[in-house]
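Novice: Spelled out from the first residue to the last, the chains are:
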Amino acid sequence: MNLEPAEPVVTAPTPKVKAPSAPGGAEEPSAPEVKLSAEDLRARFGTTQVLKGISMPIEARTVTAVIGPSGCGKSTFVRCLNRMHEVAPGAVVEGRVLLDGQDIYGAQVDPVLVRRHIGMVFQKPNPFPTLSIQDNVLAGLRLNGTRVPNPAEVVERRLRQVALWDEVKDGLDRSGTSLSGGQQQRLCIARSLALEPEVLLMDEPCSALDPIATARVEELIHELRADYTIVIVTHNMQQAARVADTTAFFYMGELVEYDQTDVIFTRPKQRKTEDYITGRFG
Amino acid sequence: MSTRAAPLLEASDSSYKLRKAKDRLIRGLCVAFTLLALVPLFSVLYYLTARGIGGVNLAFFTELPRPVGETGGGMANSIVGSAQLVGLACLFGIPPGLLAGIYLAESGKGGLAKVIRFTADVLAGVPSITVGVFVYSLLVLTLGRFSMLAGAVALAVLMVPTVTRTTEELMRLVPEQLREAGLGLGLPRWRVTLKITLRTALPGIATGIMLAVARVAGETAPLLFTAFSNRFWNDGIDQPVSSLPVQIYTYAVSPFEDWHQQAWAAAFVLVVFILILNITARLLVRHRVKGR
Ligand SMILES: Nc1ncnc2c1ncn2[C@@H]1O[C@H](COP(=O)(O)OP(=O)(O)OP(=O)(O)O)[C@@H](O)[C@H]1O
Ligand SMILES: [Mg+2]
Numbered sequence: 001m002n003l004e005p006a007e008p009v010v011t012a013p014t015p016k017v018k019a020p021s022a023p024g025g026a027e028e029p030s031a032p033e034v035k036l037s038a039e040d041l042r043a044r045f046g047t048t049q050v051l052k053g054i055s056m057p058i059e060a061r062t063v064t065a066v067i068g069p070s071g072c073g074k075s076t077f078v079r080c081l082n083r084m085h086e087v088a089p090g091a092v093v094e095g096r097v098l099l100d101g102q103d104i105y106g107a108q109v110d111p112v113l114v115r116r117h118i119g120m121v122f123q124k125p126n127p128f129p130t131l132s133i134q135d136n137v138l139a140g141l142r143l144n145g146t147r148v149p150n151p152a153e154v155v156e157r158r159l160r161q162v163a164l165w166d167e168v169k170d171g172l173d174r175s176g177t178s179l180s181g182g183q184q185q186r187l188c189i190a191r192s193l194a195l196e197p198e199v200l201l202m203d204e205p206c207s208a209l210d211p212i213a214t215a216r217v218e219e220l221i222h223e224l225r226a227d228y229t230i231v232i233v234t235h236n237m238q239q240a241a242r243v244a245d246t247t248a249f250f251y252m253g254e255l256v257e258y259d260q261t262d263v264i265f266t267r268p269k270q271r272k273t274e275d276y277i278t279g280r281f282g
Numbered sequence: 001m002s003t004r005a006a007p008l009l010e011a012s013d014s015s016y017k018l019r020k021a022k023d024r025l026i027r028g029l030c031v032a033f034t035l036l037a038l039v040p041l042f043s044v045l046y047y048l049t050a051r052g053i054g055g056v057n058l059a060f061f062t063e064l065p066r067p068v069g070e071t072g073g074g075m076a077n078s079i080v081g082s083a084q085l086v087g088l089a090c091l092f093g094i095p096p097g098l099l100a101g102i103y104l105a106e107s108g109k110g111g112l113a114k115v116i117r118f119t120a121d122v123l124a125g126v127p128s129i130t131v132g133v134f135v136y137s138l139l140v141l142t143l144g145r146f147s148m149l150a151g152a153v154a155l156a157v158l159m160v161p162t163v164t165r166t167t168e169e170l171m172r173l174v175p176e177q178l179r180e181a182g183l184g185l186g187l188p189r190w191r192v193t194l195k196i197t198l199r200t201a202l203p204g205i206a207t208g209i210m211l212a213v214a215r216v217a218g219e220t221a222p223l224l225f226t227a228f229s230n231r232f233w234n235d236g237i238d239q240p241v242s243s244l245p246v247q248i249y250t251y252a253v254s255p256f257e258d259w260h261q262q263a264w265a266a267a268f269v270l271v272v273f274i275l276i277l278n279i280t281a282r283l284l285v286r287h288r289v290k291g292r
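The listed protein sequences derive, respectively, from chains A and B.
Residue numbering for the first sequence follows our numbering, starting at 1 and increasing by one per position.
Residue numbering for the second sequence follows our numbering, starting at 1 and increasing by one per position.
Keep in mind that the hints were calculated from the coordinates and are not lab data.
Positions of the beta carbon are idealized from the N, C-alpha and C atoms, including for glycine.
Each hint should be verified, as a subset may be incorrect.
Stated by the list, open to error - Here are some, though not all, of the chain A residues that point toward chain B, as calculated from beta-carbon distances under 10 Å: (1) Asn82; (2) Val87; (3) Pro111; (4) His117; (5) Val121; (6) Pro125; (7) Pro129; (8) Ala139; (9) Gly140; (10) Asn144; (11) Gly145; (12) Cys188; (13) Tyr258.
Build out the structure end to end from the sequences listed, making use of the hints.
Specialist: Here it is in C-alpha cells:
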C-alpha cells in the first residue's frame, strides 16, 4: 500500500502505525485487522462544524452501516474517508484517517491515489453524460490512462455484478444518462467496482432503487464483503440490519454509538440510539 | 361521496376560461414576436440570394478582380484571403480564449480572475474599429506596412473575449456532481477538467466558438487599416491581403453597376460560408456526443 506519488519521495517515509495484523496475513483469530480508522475526525464547511471529533475503527472485510437523521453528517463523514470532503469550497478536515495504518491526510499523501484505493458511490447517481454505458463502466480505468485488454469482458462482468447487464446489454452504446435513476445508480456502482478499490464507500446507494434492485445490491454487498471493506450510509434500518456487521449511529455530527449491528438494533446502550431506531425521534 | 367529489375537479367556469384565454394570448404574442424577429433575418437572406446569386459563377471563385472598366473577373483572392485571415485569427484567438475560460471556470476565484473576467467583458464591448486602430499602431506602424498578420491579430483580439466567456459559462453549467464523480474515481484534477468537464461542455463551447468565428468573418472595419486590401493574390503573411467584407465594402460604395453586382454576389457567398461553417460545427459535435 503506497499512497505517495510514484515519483521519488524526498523526505523519509512516514512511520507506519502498525495495523494489528501479522505480516503475511496470519489466519489465527487474533485481533481483527483494522482497515480504515477515523481518529478525532473533525470537518466543517467554513465556520459550520459538521463533524465534531469522530473516532471509529473499521475492520477489514466487514460491512459498516452509518445511520442517523438527515443532516447529521453521514455524507460528510464518508466523504472525509476518501478525501472528497475537501473538494467542496470552504470545506476543511482536521484529524486523521488511517488506511492500513497510514494517515491519508499525511503531508506526503496524494489524494488522487487515496481515492483510487477508496472508491465511492455518491448519494445522487452521476454517470458521465457524454460517455456510453460501457465507457462509463470503463471510465475510471480509461481516463486514468490504464489500458484495458478486454473491455467487453470487464463491462459485462461489472454490469452483471450490479444486476444491470440484462437491462442494458442491447444498448451498451447509449448514453449513461439515458437510463432511469435506479439504473444510473447501479451503473455508478459498476463504475466504482471496475477500479477494484479496497474500500468502497456507498452513500445511500439504494435510495433510488426498487425492491428488486435493492435486493440485488444487498446481495452484491454480501459478495463483496469477502474481499472489500464497505461503508454504507442508509436511512433504511432493515437494510442496515440485513447487510451490516457493525453499525454506527450519528447524531448532530457526533458518533453516538458504534457496535455490532445486532447490539445496536436489539440492545443499544445509548438512549438516543434507541429513540432513533424505534422511531421515537423529534 | 362520488357526487361530492365531482365538483372539486370542475373549476369555476369563469376562472378556468380566463386562464385559458390568458394562456392563448401570451402564447400568441410569443409566436407573433418570434415571427417579427425572423422577418429581418429572412428578408436579408432572401434579398441577398435574389440579388447575389446572379453574380455567382465559376469566374467569381477562380478569377482575380478586373481593373475598372473591364467587366467580369472574380474574387478568388478575397475568398482565399478571408479564409486565411479567419484561420489565422482562430489560431491566435481560440487557444488563449479557451484556456482563460477554463481557468475562470475551474480555479478562478481570487482577484486575478475578477480582473480577467472584467477585462473580457469590457473587451467584448469595445467597438471593432477601435481594435483595428490598436492593432494598426501595434503592428502596422511598427512593421511599416499593412499585413495579413495584422488583420488576423485584430480579428483574434475580437474573438478572445467571446471565447473566454462562453467557455467559462458553459463549463460552469456542468454539474459539480460530475466533477466529483471523476475525482471519486481517482482522476487527477486536470484529467477531470479535460476529459469530463470540458468534454461535457464541448458542444456548447463549439457553438460559441462558431458564433465568434462567424462574427469576425464578417468584420470589415478592423481590416480596413490592418489587412487593408490587395488586388492580387496575397504573397506572404507580412503583405496586405484582400478579404470578402472589405471587398464588399469597396465594391458597394463604388459607382460601377458591375461592381455592385459583384458585391451582392460576395455578400451572398460570405453568408453561405458562415452558414455552412455553423451547420458543420453543429453536426460534428452532435455526432460525437451520440457516440456512433
Ligand atoms: N456545501 C455545504 N456547505 C455548507 N454546509 C453544508 C454543505 N453540505 C452540507 N452541509 C451541512 O452539513 C451538515 C451535514 O450534511 P450531510 O450531507 O453530511 O448530511 P447527511 O447526514 O448525509 O444527510 P442526509 O441523510 O440528508 O443525506 C448539514 O447540516 C448540512 O447543512
Ligand atoms: Mg447524505
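Novice: Please go over all the hints and tell whether each is borne out by the structure.
Specialist: Now for the hints, and whether the structure bears them out:
1. Asn82: Status holds, d = 7 Å.
2. Val87: Since the shortest Cβ distance to chain B is 6 Å, the answer is holds.
3. Pro111: Check passed: Cβ of proline 111 of chain A comes within 8 Å of chain B, closer than 10 Å.
4. His117: Holds - the Cβ of histidine 117 of chain A comes within 10 Å of chain B, reaching about 8 Å at its closest.
5. Val121: Hint holds; valine 121 of chain A Cβ to chain B Cβ min 8 Å, cut 10 Å.
6. Pro125: Hint on proline 125 of chain A: holds, closest Cβ of chain B at ~9 Å, below 10 Å.
7. Pro129: holds, 6 Å
8. Ala139: This hint holds: alanine 139 of chain A lies near chain B, its Cβ roughly 6 Å from the closest one there, short of 10 Å.
9. Gly140: holds, 4 Å
10. Asn144: holds, 6 Å
11. Gly145: For glycine 145 of chain A, the interface hint holds, since the closest Cβ of chain B sits about 8 Å away, which is under 10 Å.
12. Cys188: holds, 7 Å
13. Tyr258: With a minimum Cβ separation of about 25 Å from chain B (threshold 10 Å), the hint on tyrosine 258 of chain A is violated.
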